[in-house]
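**Q** Respectively, the protein sequence lines represent chains A and B.
Quick note, the first sequence lines up with residues 1 to 201 if you use my numbering.
Quick note, the second sequence lines up with residues 1001 to 1230 if you use my numbering.
It should be emphasised that the hints constitute simulated quantities derived from the structure, not laboratory data.
For each residue, glycine too, the CB sits at the ideal point set by N, CA and C.
Treat the hints with care, as some may be off.
[Stated by the list, open to error] In silico contact screen, one side only, chain A against chain B (beta carbon under 8 Å); selected entries:
1. V37
2. I52
3. N61
4. R65
5. S79
6. I86
7. F87
8. F89
9. G91
10. K117
11. L131
12. I134
13. T136
14. S183
[Said to hold, decoys possible] Partial list, computed: chain B residues near chain A (C-beta under 10 Å):
15. L1037
16. F1099
17. L1182
18. N1208
19. H1221
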Amino acid sequence: MDFFVLEVSSINSIKSKIIANLIYIGPAFKRHATVIVPLLRRGKVVSNFELIIDCTDRLLNNWRRKPCEKIHTDIVQQSQNLMLAIFGFIGFNYDFETLNDDENENNNELTKELHYKMSVFQMVSFSPRFLSKIYTNFSPRYRRSQGIINKYLNEMTEKELNESPESRAERKRTCLIASLVASLQQDEKSEAMKNEQDKKG
Amino acid sequence: MNKIRKVKTFNRKIYKFICYLLGLSRNEIFNETLTLLIGAFDSTSSALSWFIHLMSKYPQVQQKIKAELMKDNDNQQLTLDLLDSLVYLDCVVKEVLRFCPPIIGTLRTLTMDDRLPESGFQLREGDSVLIAINNLAHDPRYWSIDPELFYPERFLNEDKNHHPYAFIPFGNGHRQCIGQDLARFELKVIAARLMQYVTFGDGGPEINAGGHSEAIIKPRHIGVTIHFDR
Chain A
1 MDFFVLEVSS INSIKSKIIA NLIYIGPAFK RHATVIVPLL RRGKVVSNFE LIIDCTDRLL
61 NNWRRKPCEK IHTDIVQQSQ NLMLAIFGFI GFNYDFETLN DDENENNNEL TKELHYKMSV
121 FQMVSFSPRF LSKIYTNFSP RYRRSQGIIN KYLNEMTEKE LNESPESRAE RKRTCLIASL
181 VASLQQDEKS EAMKNEQDKK G
Chain B
1001 MNKIRKVKTF NRKIYKFICY LLGLSRNEIF NETLTLLIGA FDSTSSALSW FIHLMSKYPQ
1061 VQQKIKAELM KDNDNQQLTL DLLDSLVYLD CVVKEVLRFC PPIIGTLRTL TMDDRLPESG
1121 FQLREGDSVL IAINNLAHDP RYWSIDPELF YPERFLNEDK NHHPYAFIPF GNGHRQCIGQ
1181 DLARFELKVI AARLMQYVTF GDGGPEINAG GHSEAIIKPR HIGVTIHFDR
């Protein structure tokens, strides 16, 4: 994760969208950083020590069940599964089910779509801009994936909004999704219509 | 005119202060969530894959990590205090990130015209410059010990005081990676836990050849054996 500085005028393709998220400029960068940065400092992340160990132990248990002479060629995928599980719990209190006993039987829809989204990102990263735009605007698979991801993110947000105010106030100091939802603008529709320079936050 | 300019400047400062304090729209939250998810798991999982690959290639490094973990810790409990005391493992994590940084580079945009000092190449305000992280980490001008060697001890001795910009796996400056503390912590905890239980073995020259792939730099060919020590 890195915040780059670039001028982005029109944002349509997946590549532009992801890059734009990485490169909020000026005041937008500050608004986003204010919400997220405090939760990712070392003082906060060490509280997840036990959780990281638990997830790693689950991966070790999966390996233990395999024959010892096996050559593991899916280490990249195994590492992704572990990291996704850890970050799901730390950031969003969400189980991506990537460390299940039978790792080949992950039916979690969001996990599948995130992997698909990553593969598209890898594909369009080195493609000409017009090709990535065509793909992301006209591919039914991509548009369906976007819809599914939005559905889950919406559910996470709604779940957080349904928590009691006390619980939300407490958790926003430790949980990323709680902090993000706590920063939700009150009148976001009218805010969305404004230019970045005129947004209240 | 001067007064109007002063008022405008004041308004801009007030606006920036308000922006600094207030929150995000729902759409921004969605984008932020997705970006954090993808950014968090893809780059850190790449670093973990490289760690496993390099451990399989350098058994003596694995043995040194295990020895450090066992020292004064017969019951092999992993605690925060023990983790903080693992100096050699810190060096290994750094060396993995130096040897195979998961990110190709970081971009910066010029805020004014400039010229490169040696080549004289002219850069204009608004140009984006790619700072190639891997090239810096492997440039022999900035490292005392051959940068093409995987040698974690360099961070204890000869290259302890390396050039600050020769090793920037998370970028640097005002806009360096916001998730670096979490990434470093995750990598160290996972590496320590794995080394407490398993030894990685080389699966063979072809199947475990390494190599780079895709936008996030991951091993293209990785094949390791996993032997449980206990």
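**Q** Would you mind marking each hint as holding or not holding in the structure?
**A** Each hint, compared with the structure:
no.: 1; hint: V37; result: holds (5 Å)
no.: 2; hint: I52; result: holds (5 Å)
no.: 3; hint: N61; result: violated (10 Å)
no.: 4; hint: R65; result: violated (11 Å)
no.: 5; hint: S79; result: holds (4 Å)
no.: 6; hint: I86; result: holds (6 Å)
no.: 7; hint: F87; result: holds (4 Å)
no.: 8; hint: F89; result: violated (12 Å)
no.: 9; hint: G91; result: holds (6 Å)
no.: 10; hint: K117; result: holds (7 Å)
no.: 11; hint: L131; result: violated (15 Å)
no.: 12; hint: I134; result: violated (19 Å)
no.: 13; hint: T136; result: violated (14 Å)
no.: 14; hint: S183; result: holds (3 Å)
no.: 15; hint: L1037; result: holds (6 Å)
no.: 16; hint: F1099; result: violated (16 Å)
no.: 17; hint: L1182; result: holds (5 Å)
no.: 18; hint: N1208; result: holds (8 Å)
no.: 19; hint: H1221; result: holds (8 Å)
Hint compliance for this structure: hints 3, 4, 8, 11, 12, 13 and 16 are broken, all remaining hints hold.
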